[in-house]
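K.L.:
Sequence:
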Amino acid sequence: MAEALRKIAELDIDVENNESSLIIKMNDYGDLKLTILFTSKQIIIETYICPVNTIRDTAEFNLFLLRNQKVLPLSSVGITRVKQEEYYVAFGALSLNSSLDDVTLEITTLVENALDIAEITQDYSQE
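For the sequence shown, our numbering gives the first residue as 105, with consecutive numbering after it.
Because the hints were derived from the structure by calculation, they are not lab data.
Just so you know, not all the hints are guaranteed correct.
Keeping only pairs whose Cα atoms sit at most 30 Å apart, straight-line, the calculated DSS-like set for lysine-lysine is [claimed, not checked]:
id : residue 1 : residue 2
1  : K174      : K129
2  : K187      : K137
3  : K187      : K111
4  : K174      : K145
5  : K174      : K137
6  : K129      : K145
7  : K137      : K111
8  : K129      : K111
9  : K145      : K111
10 : K187      : K145
For each label pair, taking beta carbons as the anchor points, the in silico distance ranges come out as [to be verified]:
id : residue 1 : residue 2 : range
11 : G182      : T208      : 19 to 25 Å
12 : A106      : G134      : 17 to 23 Å
13 : Q230      : T184      : 38 to 44 Å
14 : D132      : G182      : 21 to 27 Å
15 : I112      : N166      : 19 to 25 Å
16 : R110      : N157      : 33 to 39 Å
17 : Q146      : E114      : 20 to 26 Å
18 : S203      : A163      : 37 to 43 Å
19 : S229      : A108      : 36 to 42 Å
Model, not experiment: these values are computed from the prediction.
Ideal Cβ placement from N, Cα and C applies to all residues, glycine included.
Produce the complete structure using the sequences and hints provided.
P.N.:
What follows is the structure, encoded as structure tokens:
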């Protein structure tokens, strides 16, 4: 999949093969990094938004995200732990049988949604 993604002209990306994932750097989007994980049942594409502890009122922010989730096409928001710190992440999931076009759509949509969420976090960030 890495080689196929590199050949897509509309994606200006760098792809790094990892043991069980691909790391994609979106060159046209401030070098935003996406991780593509392959499980036995699905493909998960995710990106970090911000550390949870940078949000002033996490309960209020979480409620906002839950209430507005449906305006984020193809993407969800969650919290994941990385090296003892929790982060908000935006992610999407696809079938292992998804076409390259579907994966490309998921990548581009996730990037747009992640940037929108990152912008919204400014209103909820600690000062």
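K.L.:
Taking the hints in turn, state whether each one holds.
P.N.:
Cross-check of the supplied hints:
1. K174 / K129: Holds, because 26 Å separates the two Cα atoms, which is no more than 30 Å.
2. K187 / K137: holds, 18 Å
3. K187 / K111: The hint is violated at about 34 Å.
4. K174 / K145: Holds, because 24 Å separates the two Cα atoms, which is no more than 30 Å.
5. K174 / K137: holds, 24 Å
6. K129 / K145: At roughly 25 Å apart (the allowed maximum being 30 Å), K145 and K129 satisfy the hint.
7. K137 / K111: This hinted pair holds, its Cα atoms lying about 18 Å apart.
8. K129 / K111: Holds, at about 14 Å.
9. K145 / K111: holds, 26 Å
10. K187 / K145: Roughly 26 Å between the alpha carbons, so the hint for K187 and K145 holds.
11. G182 / T208: 19 to 25 Å: Taking Cβ atoms as reference, G182 and T208 lie about 22 Å apart, which means the hint holds.
12. A106 / G134: 17 to 23 Å: At roughly 21 Å between Cβ atoms, G134 and A106 fall inside 17 to 23 Å, so the hint holds.
13. Q230 / T184: 38 to 44 Å: At roughly 20 Å between Cβ atoms, T184 and Q230 fall outside 38 to 44 Å, so the hint is violated.
14. D132 / G182: 21 to 27 Å: Holds - the Cβ-Cβ distance for D132 and G182, about 25 Å, lies within 21 to 27 Å.
15. I112 / N166: 19 to 25 Å: The hint (19 to 25 Å, Cβ to Cβ) is violated, given that I112 and N166 are roughly 35 Å apart.
16. R110 / N157: 33 to 39 Å: holds, 36 Å
17. Q146 / E114: 20 to 26 Å: Holds: the Cβ-Cβ distance is about 24 Å, inside 20 to 26 Å.
18. S203 / A163: 37 to 43 Å: holds, 40 Å
19. S229 / A108: 36 to 42 Å: holds, 37 Å
Hint compliance for this structure: hints 3, 13 and 15 are not met, and every other hint is.
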